[in-house]
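Student: Sequence:
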Amino acid sequence: MKKLTYALFFAIIFSYTHVAAQSAFSFIVVSDTHLGRDGSEDKNRTTLRYLLNQPNNPEAIFVVGDLTDNGYQKEYDLFKRVFTEELPDNFAKYYCLGNHDRYNDKGDKNTRFEKTLGQDLNQYVEINNYPFILISMENSSYDKCYTAPSRKFLSEKLQYASQKYPDKPIFVFFHMPVTNTVYGSYEIGGKDSWGTDGLKDICEQYPQIIAFSGHSHYPIGDERSIHQDKFTSINDGSIAYSEIETGKSEGIHPEGFNDVTEGVIVSIDNNIVSIHRHNTTQGAEIKKQWEIKPPHDGSAFIYKDRKDNKAPEFANGIEPSFDNITRNSCNLIWKQATDNDIVHHYKITISKKGEESLSPVTETVFSGFFLNAEMPQSKSWNIKGLDNKSTYDVSIFAIDSFGNESRPIKGSFTTL
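If you count by this note's numbering, then the sequence shown holds residues 376 to 791, one letter each, in order.
Accuracy of the hints is not assured; some may be wrong.
[As the list claims (entries may be wrong)] Below, computed lysine-lysine pairings styled on DSSO-like, alpha-carbon distance capped at 30 angstroms: (1) Lys-566 / Lys-764; (2) Lys-539 / Lys-527; (3) Lys-468 / Lys-668; (4) Lys-685 / Lys-710; (5) Lys-668 / Lys-679.
Simulated from the structure, these hints should not be mistaken for lab results.
Using the sequences and the hints, build the whole thing.
Tutor: Rendered as structure tokens:
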């Protein structure tokens with residue numbers, strides 16, 4: 376009976392110790408703060424105040440590069456002032472360098488970053504018995520920004536962390552995403568890949584990695600902003616402004632891009648990692664949280680090889696409308712389609728009556744999904760370069776993030 380009592384006692388003690396080691400905590404991840412850019416100070420202060428007041432009660436913050444707009448001393452001073460004034464005195468702060476910081480803050484010692492912020496270029500820290508690694512860009516050159524020194528540091532710290540914490544995630548932060556992982560790390564519209572292969576082969580050896588990056592400024596409401604294959608990658612958005620892929624008629628800065636400020640809060644509870652996306656301008660969480668559950672060996676990746684075969688749909692009876700018709704232009708208006716996730720953009724084809732054998736003119740227009748709660752219910756596009764006294768047929772297709780295309784809505788108009 377005494378042996379059984381001892382066994383139960385030690386089982387209870389071990390269970391308590393294990394749970395204590397897994398106590399819940401949260402931290403903030405943001406990037407592309409771009410202090411020094413017009414409007415950046417207000418955006419950063421608003422973001423920090425909002426994220427600090429979330430019920431997750433974050434205990435630390437990681438800023439993943441492009442702290443400054445140009446790497447000037449006055450910009451580092453502003454960054455330090457904003458983050459010192461907005462964050463509690465005992466709040467853990469960790470930073471790494473991005474390409475914009477390296478424009479005028481070069482070298483591997485005595486940098487403005489080190490002297491002003493008091494942090495090493497590359498860092499390994501442990502918080503609540505979880506490992507964190509930060510890797511700074513060595514310069515502003517995309518193809519040579521992570522070379523031998525960075526690779527050596529990352530390899531050594533990953534090996535150490537994986538042995539010390541074999542059952543836990545390893546959180547890694549670097550400004551540029553690994554190529555062909557998250558939204559923004561691969562080419563979409565042409566010459567718009569913001570990724571790098573500099574750390575790819577190292578990261579692919581450790582499925583425990585949850586890697587956070589920014590750089591692209593691509594909106595985090597797109598589900599391609601989480602990627603799992605050999606490891607997990609997260610796009611954490613941008614505080615300064617949003618950007619988007621090339622190849623669309625609106626360009627990379629569609630209407631509203633400068634009003635989008637984003638960041639994430641990561642919560643860990645019993646070794647389950649939850650990632651909450653936030654639009655900090657609107658003060659609202661974006662969509663449903665992402666969850667990464669143990670075991671952290673790659674076998675539980677639920678975001679791997681995701682395929683969404685459901686196409687967007689327009690409501691029954693919806694047709695486009697036309698106004699401000701002139702001799703050579705027309706304003707096209709339509710109500711937004713719906714999707715089981717988001718409508719990413721629209722394809723508009725314009726064909727002139729009597730010239731159906733010719734390829735139609737094609738325009739592509741973003742839905743405004745990156746505006747989240749302020750996404751407009753209707754869209755419009757001004758069609759230009761038309762012939763006078765001519766009739767045109769218009770078809771509009773809604774397309775989601777995974778390339779699924781709706782049935783079109785159609786209409787016609789005649790120029791003056």
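Student: For every hint, state whether the structure bears it out.
Tutor: Checked hints:
1. Note on Lys-566 and Lys-764: the hinted pairing is violated, with a Cα-Cα distance of about 39 angstroms set against a maximum of 30 angstroms.
2. For the hint linking Lys-539 to Lys-527, the alpha-carbon distance of about 18 angstroms falls within 30 angstroms, and the restraint holds.
3. Taking the CA atoms of Lys-468 and Lys-668, the gap is about 26 angstroms. The hint holds against a cut of 30 angstroms.
4. Among the hinted pairs, Lys-685 with Lys-710 is consistent with the structure: their alpha-carbon atoms are about 19 angstroms apart, no more than 30 angstroms.
5. A threshold of 30 angstroms between alpha carbons decides the hint, and for Lys-668 with Lys-679 the separation of about 13 angstroms falls inside it, so the pair holds.
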